[in-house]
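**Q** I would like the entire structure built from these sequences, with the hints used as guidance.
Number of protein chains: 2
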Amino acid sequence: MAGCCLEFWFEFASSYSYPAALRIEQLARSAGVRVLWRPFLLGPLFQAQGYASSPFVQFPAKGRYMWRDIERICARTGIPFRKPSAFPRTSVLGARIACAFQDEPWVPRFVCALFTANFAHDRDIGDDRVVADCLTACGESAPARIAAVQTDPLKSRLRTQTERAAALGLFGAPSFLVDGELFWGNDRLEDALAWARGEHPLQR
Amino acid sequence: MAGCCLEFWFEFASSYSYPAALRIEQLARSAGVRVLWRPFLLGPLFQAQGYASSPFVQFPAKGRYMWRDIERICARTGIPFRKPSAFPRTSVLGARIACAFQDEPWVPRFVCALFTANFAHDRDIGDDRVVADCLTACGESAPARIAAVQTDPLKSRLRTQTERAAALGLFGAPSFLVDGELFWGNDRLEDALAWARGEHPLQR
Numbered sequence: 001m002a003g004c005c006l007e008f009w010f011e012f013a014s015s016y017s018y019p020a021a022l023r024i025e026q027l028a029r030s031a032g033v034r035v036l037w038r039p040f041l042l043g044p045l046f047q048a049q050g051y052a053s054s055p056f057v058q059f060p061a062k063g064r065y066m067w068r069d070i071e072r073i074c075a076r077t078g079i080p081f082r083k084p085s086a087f088p089r090t091s092v093l094g095a096r097i098a099c100a101f102q103d104e105p106w107v108p109r110f111v112c113a114l115f116t117a118n119f120a121h122d123r124d125i126g127d128d129r130v131v132a133d134c135l136t137a138c139g140e141s142a143p144a145r146i147a148a149v150q151t152d153p154l155k156s157r158l159r160t161q162t163e164r165a166a167a168l169g170l171f172g173a174p175s176f177l178v179d180g181e182l183f184w185g186n187d188r189l190e191d192a193l194a195w196a197r198g199e200h201p202l203q204r
Numbered sequence: 001m002a003g004c005c006l007e008f009w010f011e012f013a014s015s016y017s018y019p020a021a022l023r024i025e026q027l028a029r030s031a032g033v034r035v036l037w038r039p040f041l042l043g044p045l046f047q048a049q050g051y052a053s054s055p056f057v058q059f060p061a062k063g064r065y066m067w068r069d070i071e072r073i074c075a076r077t078g079i080p081f082r083k084p085s086a087f088p089r090t091s092v093l094g095a096r097i098a099c100a101f102q103d104e105p106w107v108p109r110f111v112c113a114l115f116t117a118n119f120a121h122d123r124d125i126g127d128d129r130v131v132a133d134c135l136t137a138c139g140e141s142a143p144a145r146i147a148a149v150q151t152d153p154l155k156s157r158l159r160t161q162t163e164r165a166a167a168l169g170l171f172g173a174p175s176f177l178v179d180g181e182l183f184w185g186n187d188r189l190e191d192a193l194a195w196a197r198g199e200h201p202l203q204r
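Line order of the protein sequences matches chains S and C. Residue numbers for the first sequence follow the UniProt record's numbering, beginning at 1 and rising by one. Residue numbers for the second sequence follow the UniProt record's numbering, beginning at 1 and rising by one.
There's no promise every hint is true.
[Unchecked claim] What the simulated footprint calls covered on chain C by chain S, stretch by stretch (three residues with Cβ under 8 angstroms from a Cβ of chain S suffice, anywhere in the stretch; the number is not a length):
1. 18-28
2. 86-96
3. 127-133
4. 150-164
[Said to hold, decoys possible] Cut-off 30 angstroms, straight-line C-alpha distance, at most; resulting in silico cross-link-like pairs (DSS-like, lysine-lysine):
5. S:K83 x C:K62
6. C:K62 x C:K83
7. C:K62 x S:K62
8. C:K83 x S:K62
No lab work stands behind these hints, which were simulated from the structure alone. Beta carbons are placed, not taken as given, at the ideal position from N, Cα and C, and that holds for glycine.
**A** Right, dumping it as structure tokens:
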């Protein structure tokens, strides 16, 4: 099957990345599609587009709507949700770790744990201790993983990956990339998986 | 059944309003939900939010993505599509007519004809003759309908309705409103219909 790999581009501060992260493994497994987890930072992409902040902060009506939409999505898909008391949260340390080790088997669990800390438990994922807790919960050595991304070459991988995201034409998160075909938004995950299976009418 | 009415808020210049308009009647009929067609103008809402133009014009990466996404959606749902050579197009005359007569039975056909002119036949819907052609195709008298919205009280209904859209918290199109619950985007049409049927987990 052509293109049975899907790149999942996400940002820990991004509200719609949360249900995507929690849904993707089961859906991809059912579809027979391999997922490549690709964390990046939205901030530089937003700045390059001229946004002063998250569009959900800059445009309050859109922000109010987004939280209700997330609540509905989580209720419908059985994902726990509590509106974070701060938004968007700093996500650099977690993203550096997820990026530095992105193809290791424990990373999906770490990613889901950190997303859940932010969007279900209202914990500050910008706090090293919260990141450490999520690493520990995955059976990883928190001090070792955190220390590893304090210096290059691992530290700068996130910046390089964020630059690649911009070069690929990404402008938001979550995004899914299949054979150069871009899908944006949690609500496009099923479409992206269908594309990875070659099942979209435009592919026939 | 509580709330089995759905307000469909749309703008003729809006790309994602197009598949929503062409899909809604059949889906709503199957769901047993009555649709209230509610045209409005996005321009004043975008201006109030601080956008200089359509977000798809202001943010080019998002605009490029949108056209491909629309192409995929139309292909998947069997809706004809040709990328308009101008975007966004002036939509005031068509919107004034659709608004002035919004609850008359010919309006859904007129709305779909005008959307199709813009997004499948690349016709300038800002041109009175294109609007007239769509009225004629619906069996309506084009001169009479066009003349009717040149003066008050019918002319100003669109402005009043656009102000109501802003007051309701709308910020984009298409939007669906069910018992005060807001859904934004063509991809939320099915969710809005489920809500109108009282089938969402948050309603139980």
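**Q** Indicate, hint by hint, whether the structure satisfies it.
**A** To see whether the hints hold, each was checked on the structure:
1. 18-28: It is violated: at least three residues are needed, and the region 18-28 of chain C offers just 0 whose Cβ sits closer than 8 angstroms to chain S.
2. 86-96: violated (count 0)
3. 127-133: Contact hint for the region 127-133 of chain C vs chain S: violated, 0 residues under 8 angstroms.
4. 150-164: The restraint on the region 150-164 of chain C is violated, since only 0 of its residues have a Cβ under 8 angstroms from chain S and three are required.
5. S:K83 x C:K62: Holds, at roughly 27 angstroms.
6. C:K62 x C:K83: Between K62 (chain C) and K83 (chain C) the Cα gap is close to 15 angstroms, so the pair holds against 30 angstroms.
7. C:K62 x S:K62: 16 angstroms, holds
8. C:K83 x S:K62: 27 angstroms, holds
Violated hints, listed in ascending order, are 1, 2, 3 and 4; each of the other numbered hints is respected by the structure.
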